[in-house]
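Residue numbers for the sequence shown follow this note's numbering, so the first one is 5 and each next one is one higher.
In short, the hints are calculated from the structure, not lab data. There could be a bad hint or two in this list.
Claimed, not checked - Here are the simulated lysine to aspartate or glutamate pairs, DMTMM-like style, with alpha carbons at most 25 Å apart: (1) K236 - D256; (2) K139 - D162; (3) K230 - D256; (4) K64 - E39; (5) K237 - D223; (6) K180 - E233.
What the hints assert, rightly or not - Beta-carbon label-pair distances, calculated as ranges: (7) V95 - K262: 27 to 33 Å; (8) F73 - P239: 28 to 34 Å; (9) E233 - P182: 14 to 20 Å.
Note that this is a predicted model, so its numbers are computed, not measured. Glycine residues also receive a C-beta, built at the ideal position from the N, C-alpha and C atoms.
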Amino acid sequence: MRSSRSSWSVVAVSACVVSPAPFVWCAPAFAQSLEPTVASLDAAWEKRAALHSSLVAFLKSKPRVGDDFEVLWRMSRLAYYAGFFALPGDVRKEEKLEVFKVGSESGEKARRLNPARVEGHYWYAISVGGLGIAKGVMASLGSASDMRSALDEAVKIDPKYHFAGPLRVRGRLFYKLPGGFLSFGDNKKALADLRKALEFGPESKLNYAYLAEVVDAVDGSTSALKILETAKKLPDVAGEAEEASYRRDIADLERRLK
Numbered sequence: 005m006r007s008s009r010s011s012w013s014v015v016a017v018s019a020c021v022v023s024p025a026p027f028v029w030c031a032p033a034f035a036q037s038l039e040p041t042v043a044s045l046d047a048a049w050e051k052r053a054a055l056h057s058s059l060v061a062f063l064k065s066k067p068r069v070g071d072d073f074e075v076l077w078r079m080s081r082l083a084y085y086a087g088f089f090a091l092p093g094d095v096r097k098e099e100k101l102e103v104f105k106v107g108s109e110s111g112e113k114a115r116r117l118n119p120a121r122v123e124g125h126y127w128y129a130i131s132v133g134g135l136g137i138a139k140g141v142m143a144s145l146g147s148a149s150d151m152r153s154a155l156d157e158a159v160k161i162d163p164k165y166h167f168a169g170p171l172r173v174r175g176r177l178f179y180k181l182p183g184g185f186l187s188f189g190d191n192k193k194a195l196a197d198l199r200k201a202l203e204f205g206p207e208s209k210l211n212y213a214y215l216a217e218v219v220d221a222v223d224g225s226t227s228a229l230k231i232l233e234t235a236k237k238l239p240d241v242a243g244e245a246e247e248a249s250y251r252r253d254i255a256d257l258e259r260r261l262k
């Protein structure tokens, strides 16, 4: 769902959405009808900001998906959103792992079924990353190579997908991992990926935020703060919860750098 709310009017009391046409959609009723089909998952994605608890419950029920590539990558995408944005901040680690595991398993199956498409590789890699964040960097080093392999494939197929997501996430991986004999962390590679991500996805605040962190590590805070100033002026292009999170991250990073 785009952040612009010109086409939707939210009625807070009833938790329903009234569109300009004579149609009323209510979150509880919609959530009860959620099922692992392309149409249902696409509708849930469009209305995800109003379905947080329902999305988590749906994923934790481990719905049977089968071998439908189009369903599988959408399940993985939904798990990414639920794991990063729909779960409450104080949720137990086990619950995060449960949600991201659905995403990684669905994404892994999708990339096997259709390795020529970017979606399976990309959403699988992000779910593996979510698992890694929940476990901790050192505990998840063993899965870093799988994540990088999937991102390498995604970059080859479509580096511009999801606001240059394959490059953005791979750059983040290079930045966050330790280097040397422990893993393949590399700030120079991170910088190259994130600069390319910004070139391909200049509308994404997250591309600027991730780049600013690496620039701070390589060149210092002055250059990084200039990047954040540009990010703060950008209009919203992703979902409501995502954009709110990006703005908080940018503000936190700016405070640390000043």
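These are the hints, each one checked on the structure:
1. Taken as a hint, the K236 and D256 pair is honoured in the structure, with Cα atoms around 12 Å apart against an allowance of 25 Å.
2. Straight-line distance between C-alpha atoms of K139 and D162 comes to about 29 Å, which puts the hinted pair past the 25 Å bound.
3. With a CA separation close to 15 Å, the supplied pair K230 and D256 stays within the 25 Å bound.
4. For the hint linking K64 to E39, the alpha-carbon distance of about 13 Å falls within 25 Å, and the restraint holds.
5. Between K237 and D223, the direct Cα distance comes to roughly 23 Å. Compliance with the 25 Å bound is thereby established for this hinted pair.
6. A C-alpha spacing of about 23 Å is found between K180 and E233, which places the hinted pair at or below 25 Å, so the restraint holds.
7. Checking the proposed 27 to 33 Å range against V95 and K262 shows it holds: the Cβ atoms sit about 31 Å from each other.
8. In this structure the supplied range 28 to 34 Å holds for F73 paired with P239, their Cβ-Cβ distance being about 33 Å.
9. Roughly 30 Å separates the CB atoms of E233 and P182, a value that falls outside the hinted 14 to 20 Å.
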